[in-house]
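Enquirer: Chains as they are written, first to last, in the working numbering: chain A, 1 to 209; chain B, 1 to 235.
Just the calculated beta-carbon pair ranges, DEER-fashion: (1) A/Gln158 <-> B/Arg67: 24 to 32 Å; (2) A/Arg98 <-> B/Pro183: 38 to 46 Å; (3) A/Pro183 <-> B/Pro28: 47 to 55 Å; (4) B/His209 <-> A/Glu52: 24 to 32 Å.
Read the hints as simulated data drawn from the structure, not as lab findings.
All C-beta atoms in this analysis are idealised placements derived from N, C-alpha and C, irrespective of residue type, glycine included.
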Amino acid sequence: MHRLILLLALFGYLPAFTQYKPLDASTINRIKEGVAEAARTTNTISSDFTQEKEMTILKDRILTSGKFFFKKEQQLRWEYTHPFSYTIVIRDDEITIRDEGEVRSFNTQANRVFAEVNRIIIGSVRGTLLDDTGFKASYTQSNGNYIVRLTPLLVTLQESLQEIVIYFSKADFTVDKLELFEPAGDFTRITFSTKKLNQPLSNEIFSLY
Amino acid sequence: MRSFLFTSIGLLLLLSGCQSIPPRHLTPVSHHLPSDTFLPTAHCTLPTFFSPPTFQRALFKASMDIREHHLTGLLFIKMIPQLRSSRCDNDTVSLPAYRIVCSNELGMTYFDLEVAPGVFRLNYCFEPLNKNALWRILETDFRLLLSPEAGTTPIKTFVQEESNYLVCKSKQGGISRWDLYSPMGDTLLEVRGKSSLADPSWISYAEYHREFPFRINISNPLIKLKLSLSLLSLN
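Input sequences plus hints: build the corresponding full structure.
Expert: Laid out in structure tokens, this is it:
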């Protein structure tokens, strides 16, 4: 009986090991080059996104969704459309928020977590994050993705973020999915879909005034 | 130095006293109305928005203003009934307990806490919010909002002169509270409460749909804390 349980457990876990095996140095270099090349040739991204906040202890989750826009060099727009209307525009170091019709601006440096999330998202889109000395990186892969796990080295950031997992598409090295793990066990998964690269995006998209 | 300290404390007490948390000009219901008058709320109850069996979970859009800081995000409240042994026999009783998770829009947690009768546990808190004084006040706020101790102590009913609001006065879990209902007693308008001079709290309710308030504003005048909640989903 014990052998049977052991066998079942072994077979149950084997697919996980084969799916996420560590990568060799040459594959890691290929990923870095692919991401850097994608960043160099990608001027704009527009995409839908779904966001799931998993509250592991509560066995519950919060689902939100909306539209995402990026324009080189450092312009981002997160537009939440469900279940509420809320827009964040990040231009360089300035964040502007439209919440229930009210627009506010502040500097990312005033909000450490926002600054880090901003740095992570822009860094993953531009490919600079993989060489960021503030994180320890490990590389694995699944069928459709190269998976990069980033562990913050700064103690101040570790208080808010335990690990960031970026799923790069094997097809075009753009970000398919982003997971932000928190110290208490909760995590947020942002999945990008219907991505459009290098479509013209007007500057008005990145202004809320 | 000592006189400065006493003056400061005196000033603080005076200022907190000026907030007038207890509603003024209250008359006991029995003195106010003729004995044959129909009064639907002669027996006051505490708000049941967050009570079993109807309430399970709610998601709110939240914004918090504390002094010059402005935070926005989502506030999730889930009922997690706790079973405790009854004092009288071997039976277990189900007590209302709540888990509250507040995060920013990108999902990063500001705080995660539990509220139950006699329990207030902060499981996680974003470091800049990690201030004991703040959590003592928020404990009062969430106890007033969720009323986990409802039904454990008697409630006295009053009518407020001029407004004709029905006022239910009680002490629940060490917090003195006044629940202000519309004159017909069918709509909760405000809850005011405090456990000490330092944590007066004021909760207002508006935009009722299906007997649940879609807008809840919590205000702590002493530390200039405002928490505004707009209901997104309920089940």
